[in-house]
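In order, the protein sequence lines correspond to chains F and Y. Remember, the numbering used here sits 50 above the position in the first sequence when you count from 1. Remember, the numbering used here sits 312 above the position in the second sequence when you count from 1.
Because the hints were derived from the structure by calculation, they are not lab data. Some hints could be false.
Said to hold, decoys possible - Pairs of lysine-lysine residues, derived as DSS-like cross-links and limited to a Cα-Cα distance of at most 30 angstroms, are as follows: (1) K536(F) / K522(F); (2) K434(F) / K536(F); (3) K640(F) / K615(F); (4) K647(F) / K386(Y); (5) K234(F) / K325(Y); (6) K325(Y) / K386(Y).
Residues per chain, in single letters:
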Amino acid sequence: MVSSPASTNRSQSATPHPSGGTSRPNVRVQTSGLESEGSGAEEDGGGDDEDRKDNETAGSRRTSTRLAAKAESVRNLAQKSAPVVPPTTTKRASKKTNAPASSAGRTSPSSPGGTPGPLSDPNNLSKLADVAAKSAKGKKGIPTRSAPTTVTARDLLSSIDATGSADVNDILLTDPLDNLVGYKQLEDWIDGGLDMYRHEFRPLLFPIFCHFYLELVQQGFKDSAISFFDTHAPALRERHAAELHELSTLLLPQHVSSSPLANRFRSEKYVVRMSRSGFSLLVGWLTEGTGGEPTGSGEGLYGSREGAGRRARMTVLTVVNGRLKFDVTMSNTSSVSSRTWEENTGLIGSLIPVASNLAAAKTVNGKLSTYDPNAFNAQQGDLKLGPAPLSDSLREETERVLKEEPDESGHVADNSAHTNGNGDVKERERDGKDEEVKPFGETPSTTSSGLIAPTTADLLPQPPTFRSVDVKREVEKVRDARKRIKLDPSMLFADSGRETNGFVHPGISALSSRFPASALPSICAYTFHDALDGVNCSKFSEDSSLLATGFSESYVRLWSLKKEKLKGLRSDFNIGQVSDPTSLKKIREKHGSSTRKLVGHSGPVFALSFDPIGGTAAPPKYLLSASADHTTRLWSLETMTNVVAYRGHSNPVWDVQWSPMGTYFATASRDRTARLWSSERMNALRVFAGHVSDVDCVQFHPNSLYLATGSSDTTCRLWDVQRGVCMRVFIGHQGPITAIASSPDGRYFASASTDLSINLWDLSSGRRIKSMTGHTAPINTLTFSACTTMLISGSADWTVRCWDVKSPGGPKAKLQRPGGRVEEGVLPDGALDEKDDGKEQTVDLLATFPTKRTPIINVQVTPRNLCLVSGPYLPPDPR
Amino acid sequence: MNSKPTPRPGIYKADSIIDVADSLGITNLSEEVANALASDVEYRLHQVIEEASRFTRHSRRTIMTTSDVDQAFKTLNIEPVYGHSAHTPLSFRRVQPPAGPPIYVLEDEEVDFETVLKEDPIPVPRSVRYTAHWLAIEGIQPLIPENPPPEVPAIADQPANSALVTPPPTQNGSTSSAPADSTARQVARPPSRLVSSLVPSAEERKKTAALTSLRADAGLAPVLPYITRWVGEGVVNTLRREGLEGDEMDLDRRSLDIYLDVLSALLENERLFVEPYLHQFLPPILSILLTSTLFIPQPLAPTPSDPSPSHLRTHSSSVLARLLLQHSATYPSLASRVTKTLLAALVEPGRMLGTREGALRGLISVGREAVKRGLLQASGGKIVSDDMDRAREMGMDTRGVEQALMVHPATDGVPLHPLNDMDDEDRAAADALSSGLGNTLASTIGQDATWAKSLARVISDVSLPS
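Only chain Y is shown next, with the shape it has when bound in the complex:
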């Protein structure tokens, strides 16, 4: 009701009467007559509209249709106007007469009978059917696709968000506060069943079920903040634990893996509105990606089920890639922010090799452009290369970084052709690589000629302008 404009009398102007009279060939209509007629026409129009609105109301609709007006005409004993239906809206054309205000006339389309006959017959509309579902079970709405997802609580303050959230039924913007209250209560308590089935010790079946629920359930919106916080805190706690025994480490790596699974599942869920939580998603992902040690495997052989650190980094970078793929369109600043963090990790002196690896993987998942910036413009390649040299000297494992760099070309199954020193082109590429990336990296990359060449091309592209 609030949105209704105030009614105002005198909408129908005398000019319209004169125009209509003109169209009927009556040119000498006096001002007074037109004035009186305009008032009367307005009154009659309102009468018809008033009558039609009764039919709208009794048809349990909120939008008046032409059929309502037709019924009103019938009831008022006026001859109905035929030929209009709710499904073929009228089109008006603006005509500018030589003098005076513009006139709007009905577009009178000419229909060619032959073409109409040749056209495909209009398909018969589907007949009415019904479906039944539980709108509520003992006062609680089941989280099924037939029901709308519950409203996002509290965080929906920002206008951008509330526009994207399932709109409240009407446009007056006052989302009911009762559901918010109840969901607030739910948020306060952990979704215990979900959490308990997502610990490493839980059954695989349960874990899968929980993840599936995260992936597909529409009703998670109210608990989303909780899950996000749970993941965030979990990751921080796991990474903070230091100096633990091997067993514990395995456990922790596994739980990190699960946290990543959870985030990935949440991102996959099409019915969830995760945008407000993206900034909370990023820290766990980046932490896993960039944490220096990630418990580099000790001599004791890891169990088969135990994910390796580089697996974790790969996993987190793939989650990051998914996140960016889905949301960088709506949040253009997202990718650049992530890149900045990763670049810092890549080039800052004093970082461990693990961090470098993670940064590289992260950059790769951000995109080609980011890799270029990282390795070349920020001379990350050289730094990494130097680091690798140093690490080799200290007898440490550098496979991680090498693998990280191999991720990009993804030449599965195709045998690698190393750069041929005899080939001029190859040599030029090798030179470019070693100048851009340092020797160690260059030789690693040199194992794959195709990749090396493409990288070299990129390097020359970058270095030429400068």
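Next up, chain F with everything else stripped away, as it sits in the complex:
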């Protein structure tokens, strides 16, 4: 099968055109306009076996030229000459023959003359035997299955040569040496080609490398696999370190079958993006061996173009054919950065959920959604990203309280005017936002309109009546919005006079002024001392009165930031005697300190979450903690005891978060699911399954309709909380997700990954807005400022960084780099460029605040835009 495009094409045209959509049956072209899915050979069979079968039945394709070509290649193989086979491999191959061949038990291990290559491979021999047997059925006189041990490879060859079966070609082409040569040829071709195509072709190397490596391992050529890896992996390390590492652990065929990554490579298609012209060049090379190759190298090093060289190319073609999927774009090669070539590419098949609507799944904009996250996102329909509605009674009550406020009369007037004008349920919310938006010349409608507002029916079920704490919270929300310090990064560039010289201690005066504005936030850092690696997570309560810290020693420590005493209840009281606040006070503990240990977990505590019901108006009453002991525990901060342990996950729970409305919460676990719980029920209400690796973090959308998850499979997803289905998938990171955040205005979503980049996503379209880089160690935590103008990240590189959400971002201009850093004699080729893209700071990095030696594990922003960060101080020499 694999040789068929070569021969057929030769008869058609010298310079093939990929987008013709007519005559490229075996190379799966996915062009944006012309979809050639229809033809029979185009069927996505999945495995090699089916492909082979395919070929057998497609007899019409077999032309006489093709048969001749095959016969020739078989002959070439049989008389393989020395220069093609390096001497070391001969030794290796013959050594290999012994053990596994006997286990196959069907053929004699003695291959005459120690013919290296495919004939010494036991698998191939057995396959050959099969084929021979098959052909023998038609032609008598050849040894049959009953006496397989007598068959020698040469016998088989001669017999098959006569029949000219297509299978032989397949089998012979699995010679591992061809893989090595083929890969080298491809690399040479890419490097020897035009610079403008290099960005485009480089991503192609990785999947082919992986498949070749897996193939070598699968066939038991451990040593060649290792040397192949050693030779070629360093060039790919820059982008694919994690995958390469996983591949490097696979050395036995059993490992290949048990490794999830290898299985994904074997079962999914690797998506590669390419321009139209680039793709036609590639096809040209694959079939003709032309274009970009260094002169003479094809002849001298790899034998004749028609012989080994072509066969090596065939191995590449096999992979390209069966395992790659091309996303041919219309854009111009030179106009696209190297990063864009890799966006939404890779093994994304399994990362994209299966669409619920199969008819829609087939084609959206002419693209199969199984390989296009954008198509998947598009067909999921619009999201209701507007702020959550309040019940009418609660809203009225809140307004009444606000109106009674003495010193805010002006705003109260505003309030009532709005309310009378239209009965919009989000009125108050918008009012709060009016305050912040107006001075910047934006119309309030840009904040709240343009997003579909959910109705009460869309929300998770809530208690029908509101409590006084709800009113307090909502009132406080409005106050917070009014007193919010505006963070406006644009001031940074407009007003350079604000910069102080370092001696003037910038006063806190701005904090106390009524409508303060600042370019950058004020950050208060809480540093843990004497923690000895033990601090896993920490969280501030929303009203900033409590700080909770989860330790690897399985406990949670609670601090009162107001230095109040944290008192629980005595354990020796009679419930019948408690009737009123005074009697409740009586059973409180007599002594207390401003810190308290909560003991209950039996494994490291990985995440904490304070209940949001009190908002900024009242201290939280409950705390959730997630731990490696598979449980999530609910702690009452009244009694300071563990109230419930939620069991359901069968693996460590990595993250937990309350929904913005309280009552419900979500957990993320190593068992590849995220779950939705109600604090009142013991079992999970929803299971969000679909990630192909650990779910590392969860984050509710501010209106609590959606839940975002970040996973070790390098993707993030957005789930509909009510229905439990995936609404959006965000593909673009190169490593596990370490932190996610959703913006308070409901539009954006940010994710940080071990690839040290922070991606900003547009929720409604599911597309990446930009990628921000600058951190030099894993990013532990992310948060948006309360006005969504800024993103603040905390990292293990001991810094807190602020990022501009609104600016377009992008890498710094090359000129700005300090001179002398480019080494002499190093050409600014693709690899160097890529490095720059990944590690250089992007221009939207507003500020970096280093700490002394404190990796930041938590960053939070209060509703008034004060930033709180925390982290453990690492003594300089821990050992």
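Fit chain Y to the known structure of chain F by using the hints.
Structure of chain Y alone, referenced to chain F:
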């Protein structure tokens, strides 16, 4: 990520399997089995490491600990290996078997129960606590001890410097350029409040506050180049002003004094990294020290607050002494360079007495060895002595030089015993002194017998070999 080595397969060798098998008493392990086992062991190891790395990541750490591995074992349903903790690193011992490569074995220490019991109980570690501070106020990091000092801009190019500067959080060496940009902007503008409080006319309180800030503030690094330049230019301008009236002179002497205070304060500041600026510190100090006139007091009596020229020279020499004391260890060439300059000033013909005085004071602050070289080897003593004679004849004041030479012995309060002519020993000393230093100096020094004798000893030490 860049620093990560490329993963490579086949690290776990079959030999290790055979060694382990040997240790378990299996001697007939075939090559193939060992090979296959090695590959499998490697795979399993990677599985455990991969799993453990998840726990490391979720613990928000960058270094994997044994507890992570334990958790990984638990998760993979493998029996954990007990007895290892992150705080007691394992020690391996190298064993060379009769044949083959060396083997590393775990050191299995024998613990004597009695001694353990007798040992002091291990102190309970301090419990975790937290502190709060402002990491930034409206985007500007307050210059408090809790925050790291800002990065030194631009000058940190030299590798030696950048190694000493507060290291950037990670080892990849790319210090962020954003802070450098902002500090560059700050440097361009003078720290006006600081400078304004450091002029002679400023209030004493303000001056003290400014100097205290210079002495203790960690955040000065970005403005250090500016201050250095300010001092340098200020000193040059002050000294260049000639033929001014008395009032002005007082003013200038006072401002010179302040410049010296500033430099001294900067040197005192432990949080500053001043090494790159030392070469800029030296010229002002030496200029003040060696300037010939320094406005030798006119008959009009100086105000009490006005520092005398010799006070200035004393002050600058003490600053010089501090500088050398702090930094000559790291820059061995510093002292010798300074000495060379001072020697030139001491012995070059045609210099004024003031320069000689300054040179002497400077040499004294460099150290005993420098004084010896200056006065004796370079015969500076004679030159100075001659100069003094000449000056006396011209009716000029030579007290400065005499004082300069008195600085060294520092015999406060102890009454001086002049050399006794009747004593042989004393006479020998006096002779040695006058031969080495000239008569005038010798007689001056002769006022203090102890000092004279010690100097004489030194002189004889020097002159004997030659």
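>> Taking the earlier hints as the rules, which of them does this structure contradict?
In response: none
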